[in-house]
Amino acid sequence: MDLKTKEGMKKYVEQVSKKNNWILNMDSNTFNDLIDGLVENFQKYGYQSCPCRLASGKRELDRDLICPCDYAPLDVKEHGACYCNLYMRENFYETIKKDYIVVPERRPIEKEKAVLAYFNEQNSR
Amino acid sequence: MFPEFMNELFEEVEGKKNKQDVSIFTLSSCMWCKKCKAYLKEKNVKYKYIDVDNITVDQKSKILEYLRENYKPDRIAYPFLVCDDKFVVGYDPNKYEELIKSEEK
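Protein chains in written order, with this note's numbering: chain R, 1 to 125; chain L, 1001 to 1105.
Hints listed in this document are in silico derivations from the structure and should not be mistaken for laboratory results.
For each residue, glycine too, the CB sits at the ideal point set by N, CA and C.
One or more of the hints may lead you astray.
[As the list claims (entries may be wrong)] Have a look at the derived ranges for each label pair, beta carbon to beta carbon:
(1) R:78 / L:1071: 25 to 35 Å
(2) L:1073 / R:78: 16 to 26 Å
(3) L:1057 / R:63: 15 to 25 Å
(4) L:1069 / R:108: 18 to 28 Å
(5) R:94 / L:1008: 40 to 50 Å
(6) R:99 / L:1003: 32 to 42 Å
(7) R:14 / L:1092: 41 to 51 Å
(8) L:1097 / R:21: 30 to 40 Å
[To be verified] If you want the footprint, here are the derived chain L segments under chain R, 3+ residues with CB under 8 Å:
(9) 1003 to 1014
(10) 1037 to 1048
(11) 1086 to 1096
Start from the sequences and build out the full structure, keeping to the hints where you can.
See the structure below:
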């Protein structure tokens, strides 16, 4: 599966959604935007970092953001969708009755601060 | 309003509603940021943006520090919209509408 390509990334997210009993976003524009973002991030960083969050580029700091991110299972369970709305609960469209839902950020603030500290450290070199 | 180094990075998008200074800090890969840009375009709001993922680490560092120091948000998420002296973290069309309405008074 070549995650550098759109087709490969689509197959990957299909596998992830099946494995977790989730569905994928059914809005084709949104879905394609998200796939493009994942491919772009894979090409840029070497891993499929969440397209809706700022990656540091340092794998160790971004590990929790690699799609599916660490927060997706709980977000899908509690809100009906992951932060990006790529993965959704099977009954999302029947129960939420909207095309999308804004999911609050669950990533610990310390991780965001660590990324900023990393940028500052790189900047001071 | 913003430091000179930031002004050089902004891309401008024209719109008829131009009385307020609307700026957004976005990620090129982010679906919410695309929705925010589409919302502003649909409402015909003039705005400028920086795709924070497409700039240097040095610029990222300076911009994130600037946003933290000036607006003191609980956290920085994208899109980060600044309208004059107010800001909205994340995609929130209801809050955008409140800010845009204030221009029409």
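Hint numbers not upheld by this structure, sorted from lowest to highest = Hints 7, 9 and 10 contradicted; others consistent.
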